[in-house]
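Trainee: Okay, here's what each chain looks like letter by letter:
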Amino acid sequence: MTAGTRLPRPAARRPRALRRFGRNRLSLLGAGLVALVLALALFGPLLAPYPAHVAGGIDTAARFQPPSAAHPFGTNELGQDVLSLTLAGARVSVLAGFSVVLIGGTTGTLIGGIAGFLGGWIDEILMRLTDLMLIVPNLILAMTVAAVLGPGFQNMVLALALGWWPGYARLLRGEVLAARERPHVTAARAMGASQARVLVRHILPNCVSPVIVKMSLDMGFAILMVAGLGFIGIGVRPPVPEWGTMLATARAYMPDMWWVAMAPGLAIFVAVFGFNLLGDGLRDSLDPRGGR
Amino acid sequence: MADPPLLELRGVSRLYRPRRSLLARGPEVVALDGVSLRIAQDESLGVVGESGAGKSTLTRIILRLERPDAGQILYRGADVARFGPGALRAFRARVQIVFQDPQAALNPRMTAEEIVTEPMLVHRDTVGLDRRGRRARVAELIETVGLRPDHLRRFPHELSGGQRQRIGIARALAAGPELLLLDEPTSALDVSAQAQVLNLLIDLQDRLGLGYLFISHDLAVVRYLCDRIALIRQGRLVEEGPAAQIFDAPRTACARRLIDAAPDLGAPLRSAGRTTGTD
Chain A
1 MTAGTRLPRP AARRPRALRR FGRNRLSLLG AGLVALVLAL ALFGPLLAPY PAHVAGGIDT
61 AARFQPPSAA HPFGTNELGQ DVLSLTLAGA RVSVLAGFSV VLIGGTTGTL IGGIAGFLGG
121 WIDEILMRLT DLMLIVPNLI LAMTVAAVLG PGFQNMVLAL ALGWWPGYAR LLRGEVLAAR
181 ERPHVTAARA MGASQARVLV RHILPNCVSP VIVKMSLDMG FAILMVAGLG FIGIGVRPPV
241 PEWGTMLATA RAYMPDMWWV AMAPGLAIFV AVFGFNLLGD GLRDSLDPRG GR
Chain B
1001 MADPPLLELR GVSRLYRPRR SLLARGPEVV ALDGVSLRIA QDESLGVVGE SGAGKSTLTR
1061 IILRLERPDA GQILYRGADV ARFGPGALRA FRARVQIVFQ DPQAALNPRM TAEEIVTEPM
1121 LVHRDTVGLD RRGRRARVAE LIETVGLRPD HLRRFPHELS GGQRQRIGIA RALAAGPELL
1181 LLDEPTSALD VSAQAQVLNL LIDLQDRLGL GYLFISHDLA VVRYLCDRIA LIRQGRLVEE
1241 GPAAQIFDAP RTACARRLID AAPDLGAPLR SAGRTTGTD
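So the protein lines, in turn, are chains A and B.
At position 137 of the first sequence (counting the first as 1) the number is 137 in my numbering, and the numbers step up by one without a gap.
Offset between the second sequence (1-based) and my numbering: plus 1000.
By construction, these hints were calculated from the structure, which means they are not laboratory data.
Do not rely on the hints blindly, as some may be mistaken.
[To be verified] Pair by pair, the computed Cβ-Cβ distance ranges are:
#1 A:Ala35 to B:Asp1203: 52 to 60 Å
#2 A:Leu102 to B:Ala1090: 40 to 48 Å
#3 A:Gly119 to B:Gln1072: 23 to 31 Å
#4 A:Gly174 to B:Gly1176: 36 to 44 Å
#5 B:Phe1083 to A:Leu139: 51 to 59 Å
#6 B:Gly1052 to A:Ile212: 34 to 42 Å
#7 A:Ser194 to B:Gln1245: 41 to 49 Å
#8 A:Gly119 to B:Ala1090: 21 to 29 Å
#9 B:Gly1209 to A:Gly174: 52 to 60 Å
#10 B:Arg1132 to A:Leu139: 54 to 62 Å
Every residue, glycine too, gets a C-beta built ideally from N, C-alpha and C.
Bound-form chain A, shown alone (with noise of 0.2 Å):
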């Protein structure tokens, strides 16, 4: 209830956020995964058994193979290795999420930023720009832009960033305008510091822990979306692996070759999991105040 309850805690505290999330099982999970899903980005085509069917090489002869020691994962209707194609497919996917939501998240924290920051007609501009590009659902804006500009991993990542900037930038607005008014920015102000002091010291500091904690959530959406957008065609082009892509074409052999929708199925899951666990965890750890 009141502050005065709190007890003191004890020295040595700078990684204290690290300390919470560390408490936290599931965001050590979440972690797990997620390291695990960025190793696989990064050396996922190093890793895969068969290189030559990441390359495009299909055999035939090995067309619809069930779960063996020789593919973990079965073998698709061009006779590839799924467990190759789905390590390599994490590249793309990975990058893909990363670049959407770096893109998105740092242009929508820029005018997000500026129009709480600057406020007036400024804010009132960019901030009925931002409703009218939330109208739009995000997916349909994506399907329409890549049909424009083609299918490919630029365009397709375009695409997504250009839906994904609102969400930061009201998000950012709304930190901004709630930490302007705090007293300890009216202090700052009241002491002579500059706008540039005040904004990277007090405002800034206090409005980036609900932008990470977003990033790290909107990581598993954007990657899902990614693969929405190879599932309905319009993502990377085969033979470039790509999770959404090869469960669109598994799903014309499901139910009885399952196991060509698995691993991919499984990769998504696993990594939209990941940065789930990953974001709930950020948030509950960095936040100065703690102990919710």
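Knowing the structure of chain A, use the given hints to seat chain B on it.
Mentor: This is chain B only, laid out in the frame that chain A set:
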């Protein structure tokens, strides 16, 4: 008086017209209406009023965070509104504020040491201390406000309410001010912390010769600390005079009501202010 007072307000008014929408503005709200006050060096003026009487607007206007719609603020005889960038910086080193809620008034991402150091960084040119000098001054300040050096490494949420308010006071002292605006500095604290902080403020005034503008809704606290008292009601100055006169012979009905409403003035430190829980 030959010398101009430390701070003088002449007929200061402030209106708010809340925006209803993009184009339409709502009716005017009068926050301050022709308020005139003066504070001499090492004098403490208590400003008392109900919530919403315009007390906090007063501090924002004195600090030039807001402009008055009418009237003047004179600092040592100079019009604050006419200060150029240089004079304004000097002014902001000289006039500091201590807030009601010490939790909100301290940046949660900065340690106590960073918080107390910041005014010296902002006013590096006038304070003129290098890194080592600032450290020494912080150590001195922290002792002045009655904390231990190890408190400096803590973040605000790791300190108690009273300790936080001491950090807030240390920060206000860091740039070497002449006038402190104390915006209900004790009303968010529990009773014992309240008494300690009040005694600290009295002690500081004796040692440093500071002028205080002490804002409160609590007459008992004001009587304990202040030489003169100004009563504000709905943005207007109702009565002003030496503390004893206000208490013993209030001239207006409003003043009498306020005094009658304050419980137990015989024991000045048994405050009527409720401790507002902040977490």
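Trainee: Now look at each hint and say whether the structure bears it out.
Mentor: So, going through the hints one by one against the coordinates:
1. A:Ala35 to B:Asp1203: 52 to 60 Å: holds, 55 Å
2. A:Leu102 to B:Ala1090: 40 to 48 Å: Because 44 Å falls inside the window, the suggested range holds.
3. A:Gly119 to B:Gln1072: 23 to 31 Å: holds, 27 Å
4. A:Gly174 to B:Gly1176: 36 to 44 Å: Holds, since Gly174 (chain A) and Gly1176 (chain B) (Cβ atoms, about 37 Å apart) stay within the stated range.
5. B:Phe1083 to A:Leu139: 51 to 59 Å: This hint holds: roughly 56 Å between Cβ atoms.
6. B:Gly1052 to A:Ile212: 34 to 42 Å: holds, 39 Å
7. A:Ser194 to B:Gln1245: 41 to 49 Å: holds, 44 Å
8. A:Gly119 to B:Ala1090: 21 to 29 Å: holds, 28 Å
9. B:Gly1209 to A:Gly174: 52 to 60 Å: Violated, since Gly1209 (chain B) and Gly174 (chain A) (Cβ atoms, about 44 Å apart) do not stay within the stated range.
10. B:Arg1132 to A:Leu139: 54 to 62 Å: holds, 59 Å
Of the numbered hints stated above, the single one contradicted by the structure is hint 9.
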